[in-house]
Amino acid sequence: MRRKPGHLLPIELAILEVAIRLRMQGASQFYGFLIAKEIKERQEARLLTAHGTLYKALDRLQKAGLLESEWEDPLVAAQANRPRRRLYWVTAAGEAALVPTAETAPRPVAQPRRGLAPS
Amino acid sequence: MSAALALAIGMTRSWVTLYTSGLPPELRDARRAEIDSDLWEHQRTAEFLDQPQGETTLQLLARLVMGIPSDVTWRLEAAHSARSERSISMNESGTMRSLVVVGVVVALFLIVTGMGAVVDALVQGDLASGQAAFGAISVLAGAAVGSGLLTSRRNPLLGIGLVAAGAITVAAAWYWMLMITIPVGIAMVAIAFFRARQTGWPRGAGTA
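From first to last, the protein sequence lines are chains U and G.
Take 1 as the starting number for the first sequence in my numbering and just add one per residue.
Take 1 as the starting number for the second sequence in my numbering and just add one per residue.
Next up, chain U with everything else stripped away, as it sits in the complex (with noise of 0.2 angstroms):
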């Protein structure tokens, strides 16, 4: 089944929200597991996104212009001793993307607050 054109799947949007709220704060790029981990944290979901579903996301993200990449530098790696990690960011297309959404998100309810007297 093809799906519309800019239409996001509901994996694609959790990882650009991560991803934004990320940066904001102070980490502007992010890898696979690291991405993987804070939507497990958010939804407090018990397994970790699985990897075909993750790296094809990112993959379609990508292609899609909302997301860049770049691998890490060797030295970088080398020196921490581990595998190089592929670097991702939002692009402004990214960023666009999920303002409709929000924009058509149900607003939360306010709540009365309590101890506050109708004036």
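Please keep in mind that the hints were generated in silico from the structure rather than gathered at the bench.
Please note that a few of the clues may not be correct.
To be verified - Calculated cross-link-like contacts (lysine to aspartate or glutamate; reagent style DMTMM-like; alpha-carbon spacing at most 25 angstroms):
1) U:Lys40 - G:Glu55
2) U:Lys63 - G:Glu47
3) U:Lys37 - G:Asp29
4) U:Lys40 - G:Asp126
5) U:Lys37 - U:Glu12
6) U:Lys37 - G:Glu47
7) U:Lys37 - U:Glu72
8) U:Lys63 - G:Glu26
9) U:Lys63 - G:Glu77
10) U:Lys40 - G:Asp36
11) U:Lys40 - U:Asp59
12) U:Lys63 - U:Glu44
13) U:Lys63 - U:Glu38
14) U:Lys37 - G:Asp36
15) U:Lys63 - U:Glu17
16) U:Lys40 - U:Glu12
17) U:Lys63 - U:Asp73
18) U:Lys40 - U:Glu17
19) U:Lys37 - G:Glu41
20) U:Lys40 - G:Asp50
21) U:Lys37 - U:Glu68
22) U:Lys37 - U:Glu17
23) U:Lys40 - U:Glu68
24) U:Lys37 - G:Asp50
25) U:Lys40 - G:Glu41
26) U:Lys40 - U:Glu95
27) U:Lys37 - U:Glu95
28) U:Lys63 - U:Glu95
29) U:Lys63 - G:Asp36
30) U:Lys37 - G:Glu55
31) U:Lys37 - U:Glu70
For this one, chain U is given, so just place chain G on it according to the hints.
Frame of chain U; chain G shown alone:
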């Protein structure tokens, strides 16, 4: 590292190696390197959090199994893009595509069944029993059949060989179901063979 964790990591790497085989080198190497990095980060994070190795093993197996459908569809899309880029004009018939899909579903059934047997043996803490070995053999045979079917067009000899090896292994491992495994195995090899023939093989046109 426990034997079970090493097995889970090995199974993930083997699966990635299988489903990326036959892809353009840059695509194949990038996916393998990315999964390698993920496995490393997963292990180190689990160690840092003092997570029991059994739990890490189960998480890795779950991530592997639950991602298989996406891996297969990604592989099909990637192979299709690669073929388009290389301007291979010969199109595959709809019937053949349907047969390949049926074959891949059968292969997935073997993989999932095998994974289930391995996970069950892990949960029971009875890795020494034949159940875990039977499960691992089923997974490998299923992976061989699936990847063989997918690569039979691009690399006919390798594809047919993988399917035949997988089918023979299944027939031997599931010997009490020979009445089913032998005809299904022959059908799988036939699909791989006729898929390869569509490219003009064996006259040398099948190696795009």
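So, going through the hints one by one against the coordinates:
A C-alpha spacing of about 16 angstroms is found between lysine 40 of chain U and glutamate 55 of chain G, which places the hinted pair at or below 25 angstroms, so the restraint holds. Using a Cα cut-off of 25 angstroms, the hinted pair lysine 63 of chain U and glutamate 47 of chain G is violated, with the two alpha carbons roughly 34 angstroms apart. Proposed proximity of lysine 37 of chain U and aspartate 29 of chain G is supported: the alpha carbons are some 24 angstroms apart, at most 25 angstroms. Taking the CA atoms of lysine 40 of chain U and aspartate 126 of chain G, the gap is near 30 angstroms; set against the 25 angstroms cutoff, the hint is violated.
About 15 angstroms separates the Cα atoms of lysine 37 of chain U and glutamate 12 of chain U, which keeps this hinted pair within 25 angstroms; it holds. Note on lysine 37 of chain U and glutamate 47 of chain G: the hinted pairing holds, with a Cα-Cα distance of about 14 angstroms set against a maximum of 25 angstroms. For a cut-off of 25 angstroms, the pair hint linking lysine 37 of chain U to glutamate 72 of chain U stands: about 19 angstroms separates their Cα positions. With a C-alpha separation of about 16 angstroms, the suggested pair lysine 63 of chain U and glutamate 26 of chain G falls inside the 25 angstroms cut-off, and the hint holds.
Taken as a hint, the lysine 63 of chain U and glutamate 77 of chain G pair is honoured in the structure, with Cα atoms around 12 angstroms apart against an allowance of 25 angstroms. For the given pair, lysine 40 of chain U sits about 20 angstroms from aspartate 36 of chain G by alpha-carbon distance, which is consistent with the 25 angstroms threshold. A distance of roughly 20 angstroms separates the Cα atoms of lysine 40 of chain U and aspartate 59 of chain U; the hinted pair therefore holds under the 25 angstroms criterion. Straight-line distance between C-alpha atoms of lysine 63 of chain U and glutamate 44 of chain U comes to about 29 angstroms, which puts the hinted pair past the 25 angstroms bound.
The hinted pair formed by lysine 63 of chain U and glutamate 38 of chain U meets the criterion: a straight-line CA distance of about 23 angstroms does not exceed 25 angstroms. Restraint check for lysine 37 of chain U and aspartate 36 of chain G: satisfied, since their Cα atoms lie roughly 16 angstroms apart, inside the 25 angstroms limit. Taking the CA atoms of lysine 63 of chain U and glutamate 17 of chain U, the gap is near 18 angstroms; set against the 25 angstroms cutoff, the hint holds. Distance hint between lysine 40 of chain U and glutamate 12 of chain U is fulfilled; the C-alpha atoms sit about 14 angstroms from each other, no more than 25 angstroms.
Taking the CA atoms of lysine 63 of chain U and aspartate 73 of chain U, the gap is near 23 angstroms; set against the 25 angstroms cutoff, the hint holds. Simply put, lysine 40 of chain U and glutamate 17 of chain U have alpha-carbon atoms about 13 angstroms apart, close enough for the 25 angstroms limit, and the pair holds. With a C-alpha separation of about 10 angstroms, the suggested pair lysine 37 of chain U and glutamate 41 of chain G falls inside the 25 angstroms cut-off, and the hint holds. Distance hint between lysine 40 of chain U and aspartate 50 of chain G is fulfilled; the C-alpha atoms sit about 18 angstroms from each other, no more than 25 angstroms.
At roughly 20 angstroms between alpha-carbon atoms, lysine 37 of chain U and glutamate 68 of chain U fall within 25 angstroms of each other, so this suggested pair holds. About 13 angstroms separates the Cα atoms of lysine 37 of chain U and glutamate 17 of chain U, which keeps this hinted pair within 25 angstroms; it holds. Using a Cα cut-off of 25 angstroms, the hinted pair lysine 40 of chain U and glutamate 68 of chain U holds, with the two alpha carbons roughly 22 angstroms apart. A C-alpha spacing of about 16 angstroms is found between lysine 37 of chain U and aspartate 50 of chain G, which places the hinted pair at or below 25 angstroms, so the restraint holds.
Between the alpha carbons of lysine 40 of chain U and glutamate 41 of chain G the distance comes to roughly 15 angstroms, so the proposed pair stays at or under 25 angstroms and holds. Proposed proximity of lysine 40 of chain U and glutamate 95 of chain U is supported: the alpha carbons are some 21 angstroms apart, at most 25 angstroms. Proximity of lysine 37 of chain U to glutamate 95 of chain U is assessed by CA-CA distance (about 21 angstroms); at most 25 angstroms being required, the pair is judged to hold. Note on lysine 63 of chain U and glutamate 95 of chain U: the hinted pairing holds, with a Cα-Cα distance of about 15 angstroms set against a maximum of 25 angstroms.
Between lysine 63 of chain U and aspartate 36 of chain G the alpha-carbon distance is near 22 angstroms, which keeps this suggested pair within the 25 angstroms criterion. Proximity of lysine 37 of chain U to glutamate 55 of chain G is assessed by CA-CA distance (about 15 angstroms); at most 25 angstroms being required, the pair is judged to hold. A distance of roughly 20 angstroms separates the Cα atoms of lysine 37 of chain U and glutamate 70 of chain U; the hinted pair therefore holds under the 25 angstroms criterion.
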